[in-house]
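**Q** Sequence:
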Amino acid sequence: MKKVMSIVLSLVMILAVNSVAFSALAAGTVVSPGEITNVTGKVNGKESDDVDIKNPNPREYTFTYTGDGTVVGWEFEDMVEGKDYEIIYESDDLTKVTIRVFPEYEGDVVANAIVEFDTSSGTSKDKSKTSPKTGAAAAAGIAAMGAGVAILGALKKKED
Numbered sequence: 001m002k003k004v005m006s007i008v009l010s011l012v013m014i015l016a017v018n019s020v021a022f023s024a025l026a027a028g029t030v031v032s033p034g035e036i037t038n039v040t041g042k043v044n045g046k047e048s049d050d051v052d053i054k055n056p057n058p059r060e061y062t063f064t065y066t067g068d069g070t071v072v073g074w075e076f077e078d079m080v081e082g083k084d085y086e087i088i089y090e091s092d093d094l095t096k097v098t099i100r101v102f103p104e105y106e107g108d109v110v111a112n113a114i115v116e117f118d119t120s121s122g123t124s125k126d127k128s129k130t131s132p133k134t135g136a137a138a139a140a141g142i143a144a145m146g147a148g149v150a151i152l153g154a155l156k157k158k159e160d
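Reminder that position 27 of the sequence shown reads as 27 in the working numbering, one-by-one numbering, no gaps.
Think of the hints as simulated: they come from the structure by calculation, not from any bench.
A couple of the hints might just be wrong.
[Claimed, not checked] Pairwise CB distance ranges (calculated):
(1) Thr119 <-> Ser91: 23 to 29 Å
(2) Phe117 <-> Leu152: 53 to 59 Å
(3) Pro58 <-> Lys157: 45 to 51 Å
[Stated by the list, open to error] Computed cross-link-like contacts, DSS-like style, restricted to lysine-lysine with a CA-CA straight-line distance of at most 25 Å:
(4) Lys96 <-> Lys46
(5) Lys157 <-> Lys3
(6) Lys42 <-> Lys54
(7) Lys83 <-> Lys42
As the structure is a prediction and not an experimental result, all values here were calculated from the model.
Even for Gly, the Cβ is constructed at its ideal location relative to N, Cα and C.
Take these sequences, add in the hints, and give me the full structure.
**A** Have a look at this one:
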């Protein structure tokens with residue numbers, strides 16, 4: 001009974017950790033070939049971690065600016081409002097916008113936050129609430145899988 005229970009617990013642990021690892025690796029990419037291939041955020045034309053991207057519904061994307069500056073607007077590169085997408089929500093301070101991409105549109109979705117910075121202080125801080133994409137979740141999954149295999153090996157040797 002102990003052997004069966006340890007195998008079941010090991011499998012549950014492996015599945016749980018790997019599901020987190022794979023979802024972390026897939027962040028920002030939509031898996032629907034031939035339609036929307038990539039979703040990215042920029043600030044003043046440069047890729048930035050200061051734009052948080054959520055996908056609450058199919059073909060809907062919420063972009064939230066998390067940096068220090070003041071958002072004065074959003075642009076969606078290579079897309080035409082009313083033809084390729086529509087804005088379905090925009091916060092009063094413009095830090096958050098949700099768009100619906102029309103089914104006919106195929107390609108990348110690039111949200112560019114137009115931001116003005118207070119230049120009087122001369123400094124800017126990273127207020128991003130996300131960690132860098134280093135593959136830590138995948139490494140944790142592999143470590144958990146190795147631990148499960150080691151436990152099973154030890155139990156098998158103990159029975160022999």
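**Q** Would you check the hint for Lys42 and Lys54, treating anything up to 25 Å between C-alpha atoms as holding?
**A** 14 Å, holds
**Q** Is the hinted range of 53 to 59 Å satisfied by the C-beta distance from Phe117 to Leu152?
**A** 55 Å, holds
**Q** Does Lys46 sit within 25 Å of Lys96, going by the straight-line distance between their CA atoms?
**A** 18 Å, holds
**Q** If you draw a straight line from the CA of Lys157 to the CA of Lys3, is it 25 Å or shorter?
**A** 12 Å, holds
**Q** For the pair supplied as a hint, Lys83 and Lys42, confirm whether the alpha-carbon distance does not exceed 25 Å.
**A** 22 Å, holds
**Q** Can the suggested window of 45 to 51 Å be confirmed for the beta-carbon pair Pro58 and Lys157?
**A** 50 Å, holds
**Q** With respect to the beta-carbon atoms only, verify the hint that Thr119 and Ser91 lie 23 to 29 Å apart.
**A** 24 Å, holds
In this structure, every one of the numbered hints holds.
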